[in-house]
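A.B. asks: Letter by letter, the chains look like this.
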Amino acid sequence: MGGRCERFSYPLGTRRLAWENIRSRPFRSLCLMLAAAVVGCSLFGGSVLVIGLERGLRSVGERFGADLMVVPAGAARKAEAILLGGDPGYFHFDGGVADKIARMDGVERVSPQLFMTSLSADCCDALVQLVAFDPATDFVVQPWLARSLGSGLRDGEMVAGNNILVRPDRTVRLFGRRYPVAAKLARTSTGFDTSLFMSRATARQVVAAAQAEELDSPIDPVPEGAVSAVMVKVAEGHTPVYVAWRIRRDNPGVDVIVSQSVVSAISGSLRKFTGRVRDLSCAIWLAAALILAALFAGSANGRKKEFALLRVLGATKGRLAALVLCESALVCAAGGALGVALAALAVFPFNAYIGVKLQLPMLTPAPEAVAALVVASFAATAALGPLAAGFAAVKAGASDPCLTLREGE
Amino acid sequence: MVRRLVAGLPAVLVGILVAVGPRTLFPVCEGLDDPSMPCHWTALVEAGVGGVLALLGVALILCARGGAESCAPGLHVAVFLDAALALLVPTALVGVCQGAHMPCRLLTLPALAVLGSLLMLASAMQGWRAFAGVRRGRG
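Keeping their order, the protein sequence lines are chains U and H.
Counting from 1, one number per residue, gives the positions in the first sequence under the working numbering.
Counting from 1, one number per residue, gives the positions in the second sequence under the working numbering.
Just so you know, the hints here were simulated from the structure itself, not pulled from any lab data.
It is possible that part of the hints are untrue.
What the hints assert, rightly or not - Pair ranges (Cβ atoms, derived):
| id | chain 1 | residue 1 | chain 2 | residue 2 | range |
| --- | --- | --- | --- | --- | --- |
| 1 | H | V77 | U | E62 | 46 to 56 Å |
| 2 | H | T24 | U | A366 | 32 to 42 Å |
| 3 | H | Q98 | U | A366 | 20 to 30 Å |
Said to hold, decoys possible - A few chain U positions that, by computed beta-carbon distances, are all more than 10 Å from chain H:
| id | residue |
| --- | --- |
| 4 | L12 |
| 5 | G106 |
| 6 | D155 |
| 7 | N163 |
| 8 | D193 |
| 9 | T202 |
| 10 | V207 |
| 11 | L295 |
| 12 | A297 |
| 13 | E306 |
| 14 | F350 |
| 15 | E368 |
Keep in mind the model is a prediction, meaning the values are calculated, not measured.
Ideal placement from N, C-alpha and C gives every residue a C-beta, glycine not left out.
Bound conformation, chain U alone:
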């Protein structure tokens, strides 16, 4: 009792009165808070998903690098799975195709790549994609390796994708031998995360070493001069689709992947998904605004005598309106904080799982973007309260206090 008297031993301001009103009606306050939490959760969770997927798509576009990718006939799906899905695989064709394509009109640069797979001895028997490139002609891998590697990749060295297990002494084990890792790449949400990159000379060393070891799963021999893919940069003034058509026509036995088509196919699925998320977030925000407006109006109607008593005690109409708005803002702010926290618990720890389930590349948004989203989602949810309670705030001081207090006599 003493504690309660102490609490009221100083004047009751609007905020204090609003807080006491919220505390004295815990069930009503909890329901309003949960409605606001749903809004906060959908706004923050939806925005993080959309931005994460857009970032993932940008990463795919940046990493693809070449305008065209020429692969053996029938290997196009496998190549896309290697690049985008992280499903390791290998295929070869004669490297002479690269020279033939390089001489074609509309082709600016070509660079062959060789794909191999390996069992990683250090990690759960997961397959690792080995990508060998030709440093002299490469224009795909080295530009973005340059960010991680200042001095270039030496023979015998490798660059590890983000999900590759690198030992503390900065080496990886392949076919029973250790190879130094020059750099580890940032996460891309593409097949590069589970790949090891090396020069063709290093790849030859790996194959020779693997064949020398007595392994349960020996590496498949790679024919001399064989390549898995020829990356093509199309010259200015030529359209990649037309050059791809001519390569297919002049080189029977090859498939051509147009990077624009791959990226725009993912972009199409992404647009559909983000559109749905945005529509759903808007619908939830509007529905919550209507529900909260009805709840606040109903509550104001039920508290007519309380408001009339406050008027009799000297509260102005403006003070009553401020009280209702303050209550709604406090409840929605608490709900917004709860919703944002719940969404964060769902979206951040499970972001890789969500990406796999959606079959779309997903990267966590940058910290500054996350901070901005937290503030924006919280503000939009907290603002919902005063907006929805506007009618109730006007109504609170509208009736005559004497008549209201005498009602029912």
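Start from chain U and add chain H according to the hints.
C.D. replies: Relative to chain U, chain H alone:
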């Protein structure tokens, strides 16, 4: 009654989820019986940790009877430590498979981490309140 349920029910629910989740709701990798996979051991250890959590939750629900409220702070501390164990088993003590696309890393690890963290937070808050209540009662 409601207060007792609020104190013990989170531990019971999280305990059951931690114990059976790695085999049902958020399963570890296929081939659970393969002892070379760390997630196999994590699932086994979590079954024990989750079982203890559920029992502690039941004890919290029952401890208000017969003037045993003073046990509540100690039980909350036990729940906190057990929840920390539920969190540490997949993240540090035993671990899960290294492959980034393996089910245990995609789903089991985050699910156990979220459940453990939430229960640690809840038991810390409830333990603090229970301790304050016992001190008030003595005062």
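A.B. asks: For a quick check of understanding: which of the numbered hints are violated here, in increasing order?
C.D. replies: The structure breaks hints 7, 8 and 14; every other hint is satisfied.
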